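Knowing the structure of chain E, use the given hints to seat chain D on it.
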Amino acid sequence: MATKSLQKRESELASTQRQVEILSNGIFQSGELPTFANKIKETNQFPLKPKKVEILQINVGYMCNQVCSHCHVDAGPDRKEIMTRETMQQCLDVIEKTGAHTLDLTGGAPEMNPHFRWFVEEASKIGVKDFIVRSNLTIIRANKKYYDLPEFFKKHNVHVVSSMPHWTRGKTDKQRGDGVFDKSIKALQELNAVGYGMPDSDLRLDLVYNPSGAFLPGDQAAMEKDFKKALLEDFNIQFHNLFAITNLPISRFLDYLIASENYEDYMYSLVEAFNPGAVANVMCTNTISVSWDGWLYDCDFNQMLDLKVASKVKHISEYNEELLNNRNIIISQHCYGCTAGAGSSCQGTVA
Amino acid sequence: MDKSYYNPRDLKKFGSITEWSEELGNKFFEYYGKVFEEGALTPREKSLIALAVAHTEQCPYCIDAYSQDGLQRGITKEEMMEAIHVGAAIKSGATLVHGVQMMNKVNKLEM
Numbered sequence: 001m002a003t004k005s006l007q008k009r010e011s012e013l014a015s016t017q018r019q020v021e022i023l024s025n026g027i028f029q030s031g032e033l034p035t036f037a038n039k040i041k042e043t044n045q046f047p048l049k050p051k052k053v054e055i056l057q058i059n060v061g062y063m064c065n066q067v068c069s070h071c072h073v074d075a076g077p078d079r080k081e082i083m084t085r086e087t088m089q090q091c092l093d094v095i096e097k098t099g100a101h102t103l104d105l106t107g108g109a110p111e112m113n114p115h116f117r118w119f120v121e122e123a124s125k126i127g128v129k130d131f132i133v134r135s136n137l138t139i140i141r142a143n144k145k146y147y148d149l150p151e152f153f154k155k156h157n158v159h160v161v162s163s164m165p166h167w168t169r170g171k172t173d174k175q176r177g178d179g180v181f182d183k184s185i186k187a188l189q190e191l192n193a194v195g196y197g198m199p200d201s202d203l204r205l206d207l208v209y210n211p212s213g214a215f216l217p218g219d220q221a222a223m224e225k226d227f228k229k230a231l232l233e234d235f236n237i238q239f240h241n242l243f244a245i246t247n248l249p250i251s252r253f254l255d256y257l258i259a260s261e262n263y264e265d266y267m268y269s270l271v272e273a274f275n276p277g278a279v280a281n282v283m284c285t286n287t288i289s290v291s292w293d294g295w296l297y298d299c300d301f302n303q304m305l306d307l308k309v310a311s312k313v314k315h316i317s318e319y320n321e322e323l324l325n326n327r328n329i330i331i332s333q334h335c336y337g338c339t340a341g342a343g344s345s346c347q348g349t350v351a
Numbered sequence: 001m002d003k004s005y006y007n008p009r010d011l012k013k014f015g016s017i018t019e020w021s022e023e024l025g026n027k028f029f030e031y032y033g034k035v036f037e038e039g040a041l042t043p044r045e046k047s048l049i050a051l052a053v054a055h056t057e058q059c060p061y062c063i064d065a066y067s068q069d070g071l072q073r074g075i076t077k078e079e080m081m082e083a084i085h086v087g088a089a090i091k092s093g094a095t096l097v098h099g100v101q102m103m104n105k106v107n108k109l110e111m
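Chains as they are written, first to last, in the UniProt record's numbering: chain E, 1 to 351; chain D, 1 to 111.
This is chain E alone, in the form it adopts within the complex (with noise of 0.2 angstroms):
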């Protein structure tokens, strides 16, 4: 598997703008797939409106000590963006004065950012109700220097979320890397120890689960069944919830499923997986998602695509909440990973 971001290889598809062209062209230009924005417009639910912002996701930096094979950040250690200090004390500023009710930090690694500690240390004394890290589990292991993350989320009571794509050795090594899936069960194992993810505990530990490959996610609740148990039975570790998301067709998830000549196919399975009652409560309609450099956008994949918001308001410095809720959502076929089944999001399925 790749060890360099599609950006260090200098990829046709590290380009945003050559991505949008892809979800844009082929199937859906010749009208034999509906686009996006056509298909929602059957259901009157065009144009995409936001609700109240309940949930602001930062992404502090892309660079990550992992090159997961379906990464739609094409993260890596190769990438060198990190949210600098006073990027982060704008975001300080707005969570002091918005009205959502979640603080999502999410990278690339987020731990890996110089100045993650102090951000968690500030933000969780303005006290937002459910603060999530999304940490990848193997950066626990990575380096002495991160041994007491574990001790470190429960001091600022952050809410662990992290990734684990199968409960077998097999199938996460080959989409996250060789030896992830030990350093992970090593890394959960340190979480529990310290109260994480046990079945009264007020420390929350959720795993999201990504399909590894070109497949749409099975039912959450049987999944989450199959995970508990077969994580209980192997190696004694327990967890709260496991959010199945869909892996949506943009960046290395993209390259793969073209380079496997799998992408008509697998846009053929969420067009027709299409659920209306999944748009309805898709994760942009509630959140706010900033990049390492504080523009705003509609979510975490319209940042990675450089689609940002469709306002007045474009950056983090000039956050106005009342004048983004105006926005029409940006949409592109992409979004139909969203709507695809019981829906996808990062706090997994929505209908």
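If you're looking for bench data, these hints aren't it; they were derived computationally from the structure.
Keep in mind that this is a model prediction, so the values were computed, not measured.
Glycine residues also receive a C-beta, built at the ideal position from the N, C-alpha and C atoms.
Check the hints yourself; a few may be wrong.
[What the hints assert, rightly or not] Here are the computed lysine-lysine pairs in the BS3-like style, where the Cα-Cα straight-line distance is at most 30 angstroms:
no., chain 1, residue 1, chain 2, residue 2
1, D, K27, E, K171
2, E, K229, E, K4
3, E, K171, E, K144
4, E, K186, E, K145
5, E, K229, D, K77
6, D, K27, D, K13
7, D, K34, E, K228
8, E, K171, D, K46
9, D, K46, E, K174
[Unchecked claim] Label pairs and their computed distance ranges (CB to CB):
no., chain 1, residue 1, chain 2, residue 2, range
10, E, E264, D, S16, 19 to 27 angstroms
11, E, K129, D, Q58, 53 to 61 angstroms
12, E, S24, D, K77, 29 to 37 angstroms
Structure of chain D alone, referenced to chain E:
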């Protein structure tokens, strides 16, 4: 006429069989859906049985559908292959057990 008897895209048109016989088609799909619901067996177990039968029936549509269904349910490659071996064992066993008929016949006829 197409160059091949099988076209993968035809699987997606399976539902259209109701167009030429609505009542029977609908009854079939209702039955089919019910069969795969959680019962004494889990949907996961049923998916593996379906995969094994798909192979013994050598139905390319079913193999396509239940390989994908298995992946979606988190079923591993090892589990899928074991299920197919069960199907293969029954298939070959069914062939071989008829050898007893052959032996009976030969024993009856031979002096």
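State the violated hints by number, sorted upward, taking the hints as numbered earlier in the document. Structure breaks hints 1, 2.
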